[in-house]
Amino acid sequence: MIKTALFRIKDKILNIARKKSPWVLHYECGGCNGCSIETFACLSPRYDVERFGMQEKGNPRHSDVFAIAGTVTAKNKDVVDLIYHQMSKPKVVVAIGACAISKGIFHDAYNSVGPVDKIIPVDIYVPGCPPKPEAIMDGIIKAIELLETN
Amino acid sequence: MDDKIPKCNVNSDISNSIPIGPQHPALLEPEYFNIRLDGETIIDADINVGYLHRGIEAALEKKDYVQSVFLTERICGICSSHHTIAYCGAIELLHGAEIPMRAKYIRTIIAELERIHSHMLWLGVVGYEIGLDTLFQLVWRDREHVMDLLEKISGNRVNYAMNKIGGVRRDLDPKILSEISKTMDIIKKQVIHYIDIVSKDNIVILRTKDIGILSKEDAKKYSAVGPVARASGIKYDVRDTGYEAYKYIRFDVITETKGDVFSKVVVRAKELIVSSDIVKHCVKHIPKGDIYIKLPLIVPSGEVVTRVEAPRGELIYYVKSDGTNKPARVKIRTPTYANLLSVKTMLIGHDLADVPVIVVGALDPCFACTDRVTILKQTGNEILDASNLRSIADKKYN
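If you're matching them up, the sequences are chains R and C in order. FYI, the numbering for the first sequence is 43 to 192, going by my numbering. FYI, the numbering for the second sequence is 36 to 433, going by my numbering.
Calculated from the structure, these hints are not laboratory results. Fair warning: there could be bad hints in the mix.
[Stated by the list, open to error] Pairwise CB distance ranges (calculated): (1) R:132 <-> C:224: 45 to 51 angstroms; (2) C:211 <-> R:54: 48 to 54 angstroms; (3) C:210 <-> R:53: 30 to 36 angstroms; (4) C:51 <-> R:53: 38 to 44 angstroms; (5) R:95 <-> C:322: 48 to 54 angstroms; (6) C:210 <-> R:160: 45 to 51 angstroms.
Note that CB positions come from ideal geometry on N, CA and C, so glycine has one too.
Based on the sequences and whatever the hints tell you, model everything.
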């Protein structure tokens, strides 16, 4: 009894810590780079995403939020899957842009195998071509809330 | 004393191979470098691209001319306007039509604003890669001025949809023109400040001087284009051919002689000043009149080639029309595709830590433009040479 109660308290403390400092992994898997530019613009002083404790980190094993942009190409399919499984739990996936949501303008390109949610489960969708940095930040903040409830 | 200390002899038979990519903290886009090391020194590099290949050239053949302009815009988010200038220019050439003068000036203004935002993005990323985060934050702060302008003009920050076949979609009113001119003054003042930082700061000098040297002979041999070629002393700029409004503008082509990453930084930083001057000139001398002419949906048959100077170098479009409302063939040669061949020469002989500086700093790569042929489900690596590619093309188009 005491043990389970202690574990619950530990989980709560961990969740608070996670909410304060989520690390974001960004991957471009087959779009026009527009969404990547806007995701990186979030780091600039105008938007300054670090005030929410977020940091853009390149290591999947350290990251909590997977921000993924672009339609998945045939060559990138396994890479996306691998990165997702390398991330430790709990993890949230944010699909950025029209291509990531529904293949967008590349719907009839032969080498695009599908929207992101066909390959890995997606939690938050940020629409736009490309979405503005404010929208991307909003999406990631919503992802953090989801991280807490997990 | 120093001579008596035994030196560590690295056995050249034992070499490590380090994979970099497709997902890597230093790379913004998926690409794969297999780098062979002797100690810390790079002795060989194998470059594997194609992760962003979507099949746009094939998809363009399924769309009519009006729809395909939107698809060419989304080949690359950073040089989207240049892609549409080249593509619309090709179709106008097939029609034999000349677009109104005001449209030409508006296209030039947007193209140069895009060059400014692309070069600033790159300068910030170089600062990020060499460990000078101050430069990254400074440059990206000022880049937002240009992004704001583009949003005010077109309503979108990245893919502006300004160009259409026969002209441009939106006019620039006097209020926005004066705002553009004011912003260019700010940009010019800030860029002079960056050049001051870049030429004096020890971090920049230590990380970029004598790194990734591309000699003039090698640049010619590997047919480098754009700022990469200009930093090696080749005075080659497609804007000199006088497409759009460049015919009526006099501007300098910036060149450097050394060909290392530092001279590439200097070339691109000075080009920012040139671009802001071009924009100011266009704003001052923009003529009055229509912004587009109506062209028929059916394009006469024929084949044309157009060239524009994208932020990364020469961008070539080949369009073949068979007299219908859909293009028969569109071939796109993007600048990074031409510059990528010279990467191996630049990498060999340097340290592993210089890989991101050389790849991102020297090349300013855009793999979304570049990625072409991918072969999947093959055992082992297959390398296609010119004759293989020709036989594939013959099979497809005959």
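To see whether the hints hold, each was checked on the structure:
1. R:132 <-> C:224: 45 to 51 angstroms: With a Cβ separation near 47 angstroms, residue 132 of chain R and residue 224 of chain C satisfy 45 to 51 angstroms, so the hint holds.
2. C:211 <-> R:54: 48 to 54 angstroms: Cβ of residue 211 of chain C to Cβ of residue 54 of chain R: about 53 angstroms, so the range 48 to 54 angstroms holds.
3. C:210 <-> R:53: 30 to 36 angstroms: violated, 57 angstroms
4. C:51 <-> R:53: 38 to 44 angstroms: holds, 42 angstroms
5. R:95 <-> C:322: 48 to 54 angstroms: holds, 52 angstroms
6. C:210 <-> R:160: 45 to 51 angstroms: holds, 46 angstroms
In terms of the numbered hints stated before, the structure departs from hint 3 and from no other.
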